[in-house]
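Using the sequences and the hints, build the whole thing.
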Amino acid sequence: MKTKQLLLSVGILFSFLCHAQTTITVDNSVGSNAQYSDLQSAISAASNGDIIYVHASEINYGNITIDKEIKLIGFGHSNVNKQTMVTDLILNANSSNTVISGFHVTDDIYTNSNSLISNLTIENNIIDSALLFDSSGGADNVIIRGNIIYQIGFGSNSSSRDNYTNTIISNNIITYYIGLKNHQSITIKNNIFLSPNNSYPVYNAGNATGSITVQNNIFYYNSSSILNPDADGVIFENCLTYNIGSGSLIALNGSNNLNNQNPNFVSADDTDFNVTDDYHLQGGSPAIDAGVGGIDIGIYDGGAFTFNNLGLTNGIPTVKITNITDRIAPGANLSVTINTNAN
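For what it's worth, UniProt numbering labels the leading residue of the sequence shown as 1, then goes sequentially.
Just so you know, these hints were derived from the structure itself, not from any lab.
Built from N, CA and C at the ideal position, the CB exists for glycine as well.
Calculated cross-link-like contacts (lysine to any residue; reagent style SDA-like; alpha-carbon spacing at most 25 angstroms):
1) K82 with S41
2) K68 with S160
3) K68 with D108
Label-pair ranges, simulated between beta-carbon atoms:
4) S32 with S225: 47 to 57 angstroms
5) S223 with V275: 22 to 32 angstroms
6) G49 with N256: 37 to 47 angstroms
Encoded structure:
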């Protein structure tokens with residue numbers, strides 16, 4: 001029998017989330033009894049500070065615009081049966097202090113405001129295309145963590161592109177590259193780049209005014225080419241590169257780097273993300289304790305935030321039914337084994 005995984009009821013969520021906030025439920029599945037079936041309608045009805053829990057569904061919730069301070073919590077992005085899917089998530093004016101967690105975004109997350117948006121948290125999502133801060137207002141004080149993202153930014157000096165500052169990009173899996181221009185206030189640390197851009201996994205469009213130091217990252221390639229991860233204005237510190245293909249790797253520009261050494265993941269057969277992959281480090285990995293400050297290189301750095309492959313929101317409990325009796329006689333007891341997890 002298939003393993004079933006589901007979130008606890010909304011009532012239990014109240015013990016984990018602030019009582020002053022209203023929790024709104026959304027589910028577009030046929031026969032649902034959630035408060036809303038349309039996510040955009042739920043956002044329109046919400047007040048600043050409200051929590052919107054969006055159930056997993058086989059139906060994509062579509063293009064969504066956020067124009068107020070909310071916590072938008074999906075079930076997760078990689079459950080084999082159901083995910084919480086949207087096409088685009090658009091951050092408009094007044095969306096400061098918004099949290100987006102647990103979504104499969106099949107296109108982009110992007111800003112669309114002439115006003116500065118601040119204090120954003122984007123975590124535990126899969127973003128198939130890009131995370132872009134391309135409005136003139138831009139974004140400040142941004143946390144990007146625990147995501148699987150194809151691309152962050154363009155690496156452009158244009159006045160309307162890559163306007164993000166005071167941003168921490170950590171504990172993510174990046175599958176193409178990160179582009180930036182405000183190197184003075186951006187931190188890139190403890191990420192894994194899977195089969196990234198062969199020319200540059202990190203591109204600094206503001207290199208004329210200085211460099212960005214990238215720390216504790218793993219760059220994991222599968223190529224028959226000669227690879228050179230170095231780009232102007234990017235310094236690598238305590239990072240690791242490895243090519244599982246037949247090509248060669250140019251040494252990273254910087255200090256204390258491990259060039260073309262196998263990180264010895266617990267299980268990762270190729271450079272494509274798979275929900276069954278395990279990017280923890282095996283015993284004896286050269287990346288153990290090799291990061292700045294003696295922490296591990298890669299997405300599991302021993303900090304308070306923990307990457308998880310399913311995109312489950314940290315702090316919200318889940319219930320997993322691991323065993324259930326297939327058939328019982330009339331009047332007999334049903335045997336169920338349940339595991340709980342608070343992520």
